[in-house]
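Q: Taken in sequence, the protein lines are chains A and B. Going by the working numbering, the first residue of the first sequence is number 1, and it counts up by one from there. Going by the working numbering, the first residue of the second sequence is number 113, and it counts up by one from there.
Quick caveat, the hints were computed from the structure, so don't treat them as lab data. Any given hint might turn out to be false.
On the chain B side, residues computed to face chain A include the following (Cβ under 8 Å) [as the list claims (entries may be wrong)]:
{"id": "1", "residue": "136"}
{"id": "2", "residue": "154"}
{"id": "3", "residue": "165"}
{"id": "4", "residue": "199"}
{"id": "5", "residue": "203"}
{"id": "6", "residue": "216"}
Computed from a prediction, not measured in an experiment: that's the story for all the values here. The C-beta atom is built at its ideal place from N, Cα and C for all residues, glycine as well.
Residues per chain, in single letters:
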Amino acid sequence: NAGVTQTPKFRVLKTGQSMTLLCAQDMNHEYMYWYRQDPGMGLRLIHYSVGEGTTAKGEVPDGYNVSRLKKQNFLLGLESAAPSQTSVYFCAVGAALRETQYFGPGTRLLVL
Amino acid sequence: GQSLEQPSEVTAVEGAIVQINCTYQTSGFYGLSWYQQHDGGAPTFLSYNALDGLEETGRFSSFLSRSDSYGYLLLQELQMKDSASYFCAVRDRSSDYKLSFGAGTTVTVRA
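Chain B extracted, bound-state conformation:
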């Protein structure tokens, strides 16, 4: 099966930078995704890494190191609206490419 670990909570002030780490164990790693969820609403897709390196989308960036089984989501220029839960999810060949989610990191942005 798959297992993922990410911190449960992170707090930061507006304008700061937050890095959410995700370590994973899978037998057939295919890719790492990040989803955002506000107040129990619908999770929404943020980014996807299949290859090593950094993917940048506006204020958010995601990084992957396949050799270290590690990735992170970087939130820059934090805004109050970034207060949400962030989930990493691995896609694994051994489970027909289905997503397996981490427990989520709650990010709280303070003024």
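Only chain A is shown next, with the shape it has when bound in the complex:
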């Protein structure tokens, strides 16, 4: 029972490259979230999903796309990475919008 896992743990990209971050959960929760965390700032919501096949924009969605083809997986894509996207990305899951969120270990992304 791994809970929430994220792949990869760390990645270095060059400006303009693309990549996909994977979040996987075995908690059978409907709601999944992608946040970014920058130094001295709290977590900011990028995109979220309220169930398989659905996605919605959060606070800072520009430059990112997401997909939720399977209930247990939530993918975050960067089509053309920019240095401003250097950050730590956290995935979270929850049973409902009003319920506690459980976070994955994070993906550290450096864009040069």
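Knowing the structure of chain A, use the given hints to seat chain B on it.
A: For chain B alone, kept in the frame of chain A given last:
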């Protein structure tokens, strides 16, 4: 939107008590949560207040005053392992109950 304010840093000695205050501004307040994060690791849930008053969970307690738009997290009998960042987060009806996080308070516990 929502805005939250909490102190950036707090330092205390082992065995002491630390109170981390959080003030917020929201248009449709639903609840206040607290999360702990060690060294950039996964944030973990500590407590949740939807109603006024004190919630106690072991050495940690959380308080909410909805009329004052204010809450705090109380850490008692501080231990070295309590050195971490603590985030308050509001849940707001006007944003579909999504969480909005404060910038975090770094607590450093000294021997």
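Q: Tell me if residue 203 of chain B is really an interface residue toward chain A, meaning its C-beta lies closer than 8 Å to one of theirs.
A: holds, 7 Å
Q: Let me know if the C-beta of residue 136 of chain B comes in closer than 8 Å to any C-beta of chain A, holds or violated.
A: Violated. Min distance 12 Å.
Q: Given residue 216 of chain B as an interface hint, is the shortest Cβ-Cβ distance to chain A below 8 Å?
A: Check passed: Cβ of residue 216 of chain B comes within 6 Å of chain A, closer than 8 Å.
Q: Hint validation: residue 199 of chain B versus chain A, beta carbon distance must be below 8 Å. Holds or violated?
A: Result: holds, 6 Å to nearest chain A Cβ.
Q: Hint residue 165 of chain B vs chain A: min CB-CB distance below 8 Å?
A: Result: violated, 19 Å to nearest chain A Cβ.
Q: Can we keep the residue 154 of chain B interface hint, with Cβ of chain A closer than 8 Å?
A: Cβ of residue 154 of chain B sits 4 Å from chain A, so the hint holds.
The structure fails hints 1 and 3 (numbered hints given earlier, in ascending order).
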